[in-house]
Amino acid sequence: MPDQSNHPALRPGKDEVKFFINGREVVGKKGETIITVAAREGVYVPHYCWHPALSVAGNCRLCLVEIHTPNPKDPTAKPLPAPKPVIGCQTPISPGMHVYTESALTKDCQNGMMEFLLANHPLDCPVCDRGGECMLQRYSMDYGHGHARMVDKKRKFLKPSADPLIDIERNRCIMCTRCVRFNDEVAGDHVMGVFDRGEGNYIGTFGQGPISNIFSGNVIDICPVGCLTSKPFRFKARVWELLQTQSTSIWDASGAKVTHWTRNGKLYRTTPPSRKYHGTYTVNEDTEEFIDNVTRFGSDFSFHEDRWDESRVRVGSTLLPGAYSEALKQAAVGLAKAKLNHGPDALAVVVSPRATMEEGFLAGKFARNVIGTENVDWRLNVSAPDAVHTAITHADGDLEGGFDAVVLINGDFVHTTPTFASRVKEHARIFGRPIIQIGHYHDPYFAQHSKLRFHCAPGETAGALASLAKAVKGDAQAGNLLAKTFNVNAERIEALVAVMKAEHGRALILQNLQDMGGNYLADEVPAAIALKQSLGAAWRYLPVITDRNAFGLPLVGAEPTNKGEGFAAGKLVEQIESGRIRAVLAIGADPLANYPDQPRMLRALDSLEFFVVSDLFASEVTKRAHVFIAAASHLEKSGTYCDVEGNLARINDADPPRGGSRADWETIAGIATLIGSDKFAYKATEEVFREMIKTLAPDFQGSFKGLLLPGPRNDFSIADPGGARNRTPQYNPGDYRVDGAHFRSAGNEVEFAAKTPRAPRSVPAGQYLLAWGRHVQGADYHLDRASIANLLQIPPYVEVNPVDAEKLGAEHLDGGVLTVGEQSYAVEIRVKAGPAPGVIYMPLLAGRVLARYADAPIVSLEVVDSPATTEAAAH
Amino acid sequence: MLIEFMKGAGVALGHMFRYLGGKGSVTLEYPEVKREQPAFFRGRHRLQRYENGLERCVGCALCAAVCPSEAIYLEAAENTPEKQVSAGERYAEVYQIHLLRCIFCGFCEEACPENAIVMGPNYELAMDKRTDFIAQKSDMLDAPEKGFGTAHQYDPYISHITPESDKEAKGDPWANKTGTDH
Ligand code: SF4
Ligand code: SF4
Ligand code: SF4
Ligand code: SF4
Ligand code: FES
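So the protein sequences, as listed, match chains H and E.
Residue numbers are given in the working numbering: position 460 of the first sequence equals residue 460, and the series is strictly consecutive.
Residue numbers are given in the working numbering: position 106 of the second sequence equals residue 1106, and the series is strictly consecutive.
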């Protein structure tokens, strides 16, 4: 549950309730339940169905506790025992109540409940993947009988094969309904349910279908027993054999923390961070840090067969494998020669958006101090780089302490930054905060909790935001204009203005920077920032973007400072073609990722005089390099990332670099040293980090405790089940957050000339405007090489507003053919209230295909009923 | 003195002739003759099968977890209806015991929930190459023609598994997957 201790709605003192747990006086807040206060006070109450991030179901009865309440006739007399034990997870605390979590009655209840839960349990722990981190195993040891009295035949279910990622073994289910509630409440997808009655009670998905949402993998950790387990990890290893490394996701800028579980140099699974429960580090208990499926299942891309783990130098037309030092030497010589011949500005350094801050920092330092150019950028694949820069440098919001209202501008937040979106939704859901959605696309993920939703056509959002700023100031004309843009009546606008105007402790404006390839960002970003500034200090601006280190790299100087004339990474091809750029050093960056005209880009790379790439894989790009330097993957290096909220997080090396590969920061420092600089003598990332922070925040006083640990890991080895001989350094997750210091640059006031909403475009009947965004499950240089990429990358789909669906005669999950220009795509049609009427939303074609459209293209959609036809068309 | 010598020689000769006669001898004509070992002898490991030929080991790795000298390494895999190796859903695809590391403590045998790994009577542990000391699964698996089960298999002190419970639980390898169809 998000920490609300500093939330204005909670009045300390007034809502306090004093009561007793096992004779000790404790203080809770009114409305809290026994189990939450007990957990805070360090008293453990066993539970299955209760989960801190989910609603209370109260069906496992394992948390039964004995309570005594004060005698109403004589409060000074001995408290009266309650007639029955009560469940701790649902019973609110009351003043003077005595709770006994270890009394004979409580123990008897726990014992009895364990026997009931085990009555039908198959007890096939030897073949159960949960073995070793199972709450049922642990509670059996702590609260159960040592023997079974069940003599009858046990109930057995057939095994469904509904989901490609999650294995369902119903015999082991204890019907806690955590998975059902998780999907309903956190994933926002009502896909699982409890079926049948009585003994035949079982868990399943509706229509035997898969659990196809981006958070579905979390049910694996949420399930306290071995009913829901991971298919890719199935039977691969036992959890106690694996080495845990705390790290962070590299997939999107939400900054989810993860644990990588490795053995013998192989990644077995990635989970939310493991925490210490009862002496062992486990993930199965009450993890509240949910991760998306891409992070969970896609992180093993570095084991792909395309991996080049030896550096290569071009000899004639071939890249010959050789020593790392030789490759560095060649790179240094080539870059120095290019500088000598064409001047420093003919060189460019491009950095991957997944580079660590240390790498970005060194790339910037290298370009400026060693080469003497401003040609360094991470935004190779970012459309509208200037707008993104403005947005990121004006970001000042975060979720710490929660919010009273939130405005979402345009976009598919849940597929851009999944875990960040889930945190926003969790807060809004638990505390009932209004979510306002504005723009041509509303994220259906928030639909349940967002009453105030205003659709406009693509391109009209900036004007709408400007009118909204005026309407909040009381401009009636702007209100009318707004009503027209949104096509709603005046009352709706009044309701919107009322929420925006209300007294807020903290409110957020969230903007999606991946929307429509940045086509409208040049207007929309200033409009959103201007709106925030006009609303007062309570309002904060928080843009979101998928690129993992988009917030960290600008801070450390991995961007040109001479904006305007100069280097523009997005225009790399043009600059190579015009002969301005002659040599490129690419650090993990994939120039092809988003470029619409691939052959043209490859021709440009071919024409380069000198091209050095530090990368993981053999690819069309790396094969064109003059020097290829084998890079260490995210599992093999350490470094720092900054997330959308401005928090720093660290990746830690789970393994040493494979083969002859090296971390990118070493490579940059090595080349710089060879060229002749003496300012790059680093021995570890920590040294780079210290120097970086000194440059970044000279007067920063906070602690970097968590960041500077050599990587909290917990290596109880194969012979140490349960970690009895645990050599784990104490690891406090709180340390990960840099104490109170958010890394934000202070943005200047943004002047935004109020735009009149642009005239609606005329769209021929039966045709639609196409909107698009980015989807973390779409094609990606790294994700393409994950071992189960085929299961993670979902087939193309379009979202259609119910109004249009009715006109089209389309039903949810029908097949369809989308025609954009001359191209046709077989798609799945999803009927969702996300896109505005008249707009079709298609996330997966983003990038390469759609990058050539500066405005929303006009498209047509044809419904093809049979899914078989769609399949045929797709191949 | 001579008498003492004669007495002593008489004892020695008496024993010699008795043993030459083959009665009461404690040494054996090893390697032609091998000594019978008691049931609790902890010799070389064997992996057992069920009578229907399926392997008992389900690759749970509890033996590896309990082994004090980290001598056991295994990788598990999933049975399929086409390739049914063990009587559970999982089987050990790779199962190795490093006999140079093993201290013959018998913990693996005790930890095994399926009575799959047992320590047999074989005490002949000489090998030519170091690598031969890493016993592979095929080296330990009882060949079907050798028959099934040993004294250890149903030892009540070691396991709750009995011939009866065996038949009931494992007669049908997919027992876990049949029953009410939902
Ligand atoms: S769910 Fe837990 S108790 Fe049940 S078989 Fe699996 S490990 Fe054993
Ligand atoms: S599958 Fe797991 S989480 Fe879902 S109800 Fe059963 S035990 Fe609970
Ligand atoms: S006998 Fe002891 S040392 Fe040898 S493999 Fe078994 S558990 Fe390990
Ligand atoms: S031998 Fe026994 S303990 Fe070892 S993996 Fe096989 S079933 Fe498990
Ligand atoms: S935890 Fe209270 S009833 Fe399940």
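Calculated directly from the structure, the hints in this document are not laboratory data.
The structure displayed is predicted, hence computed values, not measured ones.
Using N, Cα and C, we set each Cβ at its ideal position, and we do this for glycine too.
One or more hints might be untrue.
What the hints assert, rightly or not - Derived CB-CB ranges, DEER-like:
1. E:Tyr1019 / H:Val151: 24 to 30 Å
2. E:Glu1070 / H:Asp865: 58 to 64 Å
3. E:Leu1100 / H:Gly112: 48 to 54 Å
4. E:Leu1100 / H:Gly265: 32 to 38 Å
5. H:Lys329 / E:Asn1122: 41 to 47 Å
6. H:Met141 / E:Glu1070: 23 to 29 Å
Stated by the list, open to error - Which stretches of chain E does chain H cover? Using the computed rule of at least three CB atoms under 8 Å from a CB of chain H, they are:
7. 1053-1063
8. 1076-1090
Going through the hints against the structure:
1. E:Tyr1019 / H:Val151: 24 to 30 Å: At roughly 58 Å between Cβ atoms, H:Val151 and E:Tyr1019 fall outside 24 to 30 Å, so the hint is violated.
2. E:Glu1070 / H:Asp865: 58 to 64 Å: Distance hint for E:Glu1070, H:Asp865 holds at roughly 60 Å.
3. E:Leu1100 / H:Gly112: 48 to 54 Å: With a Cβ separation near 50 Å, E:Leu1100 and H:Gly112 satisfy 48 to 54 Å, so the hint holds.
4. E:Leu1100 / H:Gly265: 32 to 38 Å: 24 Å, violated
5. H:Lys329 / E:Asn1122: 41 to 47 Å: 59 Å, violated
6. H:Met141 / E:Glu1070: 23 to 29 Å: 25 Å, holds
7. 1053-1063: Per the Cβ count (5), the hint holds.
8. 1076-1090: Coverage by chain H holds here, the residue count being 6 at a Cβ distance below 8 Å.
This entry does not satisfy hints 1, 4, 5, going by the numbered hints stated previously.
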